[in-house]
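Residue numbers (the numbering used here), protein chains in the order written: chain A, 1 to 114; chain B, 1 to 254.
Keep in mind that the hints were calculated from the coordinates and are not lab data.
The reader is advised that the hints may include incorrect statements.
Computed list of lysine to aspartate or glutamate pairs in EDC-like fashion (alpha-carbon distance at most 20 angstroms, straight line) [said to hold, decoys possible]:
hint: 1; chain 1: B; residue 1: Lys20; chain 2: A; residue 2: Glu35
hint: 2; chain 1: B; residue 1: Lys161; chain 2: A; residue 2: Glu107
hint: 3; chain 1: B; residue 1: Lys20; chain 2: A; residue 2: Glu107
hint: 4; chain 1: B; residue 1: Lys205; chain 2: B; residue 2: Asp170
hint: 5; chain 1: B; residue 1: Lys20; chain 2: A; residue 2: Glu20
hint: 6; chain 1: A; residue 1: Lys21; chain 2: B; residue 2: Glu19
hint: 7; chain 1: B; residue 1: Lys224; chain 2: B; residue 2: Asp140
hint: 8; chain 1: B; residue 1: Lys161; chain 2: A; residue 2: Glu68
hint: 9; chain 1: B; residue 1: Lys20; chain 2: A; residue 2: Asp40
hint: 10; chain 1: B; residue 1: Lys20; chain 2: A; residue 2: Glu15
hint: 11; chain 1: B; residue 1: Lys20; chain 2: A; residue 2: Glu68
hint: 12; chain 1: B; residue 1: Lys224; chain 2: B; residue 2: Glu34
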Amino acid sequence: MHEYSLVQSLVSRVEQIAREKGAVSVHRLVVSVGELAGVDPQLFQTAYDTFRGGTLCENAALETRRVEASWRCPGCGRPIARGAVLSCEVCRRPAELAAGSDAILLETVEMEVP
Amino acid sequence: MCTTCGCGDPDLVPVELHEKILAGNDRAARHNREHFAQAGVLALNLMGSPGAGKTALLEATARALRGKWRLAAVSADLATDNDARRLEAAGIPAKAITTGQACHLDAELVHHSLHGIAWRETDVFFIENVGNLVCPAIYDLGQAANVIVLSVTEGEDKPLKYPVMFKAADLVVLAKCDLVPHLDVDLAKIEDALARVMPRPRMMKLSARTGEGVDQWIAWLEEKQAPFAKWRRAGAALAAGHTHAGGGGNDRSR
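With the hints as constraints, model all of the structure from the sequences given.
Quick look at the structure:
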């Protein structure tokens, strides 16, 4: 259940940004979750709902966007099929993960600034 | 407040960030990594299921490197310091990190633990993570490499079931290989599964009980440790004012 510690980092970062911008409240957060980020979006949502009370995120809706993982050859750019051996069958080079496939990113914070 | 039409609605400002939620941990990990590099210490993050044989691998390592290298370890579990005591008994100065409810180590926890152990005076520093194939995978600790211990009793498809963990591995140590004759396990299937989750699959077979494969593991450690030993010698030479007096300071040329 590392989702709780991730949510803790998320909320404290959002509060920091909100204070920097002089926001009175936060309305919405958008977080992208890569398929290989090791995070379950549903659990992340549950952890967020548990944790946001009493913080600046109390009334902020969380939107999670799932990013499908994809591997490709760093040489010829050929995509590697899902579940296949992670090596290009033409160039024989080790596959490379496309950006976002294994990341958990805070994309957008929507806040009310007076 | 909206002043365009006078409706009184609040002004919503979207702030585009596109930043890692684990950025704070990554910063702490970079800090740890700098410490290890400056001291010339090879730090390894040892991960695997509970009972895979992580502690047994370290005990076998201590037997093989006795009198040759200085080792130290921190060992994480939710409760008890049993593993740290086993490591101490094997001759590895060790400290337990009891994580309570946390299922993984993070870079801050590792940094904090460094204050209680003489890690600078070691050649290899092992961070034995919480036994878990899920959560530890996403936390960078500042290690030079990730080693995953997978035992032959765990099932051939473990890498396919836990791709996030195995994707992060630099080396998979296939442990308890002395049990293979008693099992129906097909090692080729494990290798095939690894090739589907690791772009640079590397696996070595080992038995901590019989010592099979330990030489190969030590050779891998030596290869990984070499650049750190070089930095340490360079740092010691610098500290000694390039006098090359020999035998003094931290220069432990082998």
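Structure-based check of each hint:
1. B:Lys20 x A:Glu35: Roughly 15 angstroms between the alpha carbons, so the hint for Lys20 of chain B and Glu35 of chain A holds.
2. B:Lys161 x A:Glu107: violated (29 angstroms)
3. B:Lys20 x A:Glu107: Holds, because 9 angstroms separates the two Cα atoms, which is no more than 20 angstroms.
4. B:Lys205 x B:Asp170: holds (15 angstroms)
5. B:Lys20 x A:Glu20: holds (18 angstroms)
6. A:Lys21 x B:Glu19: Measuring from Cα to Cα gives roughly 17 angstroms; hence the hint holds.
7. B:Lys224 x B:Asp140: holds (18 angstroms)
8. B:Lys161 x A:Glu68: holds (17 angstroms)
9. B:Lys20 x A:Asp40: holds (16 angstroms)
10. B:Lys20 x A:Glu15: holds (15 angstroms)
11. B:Lys20 x A:Glu68: holds (17 angstroms)
12. B:Lys224 x B:Glu34: holds (16 angstroms)
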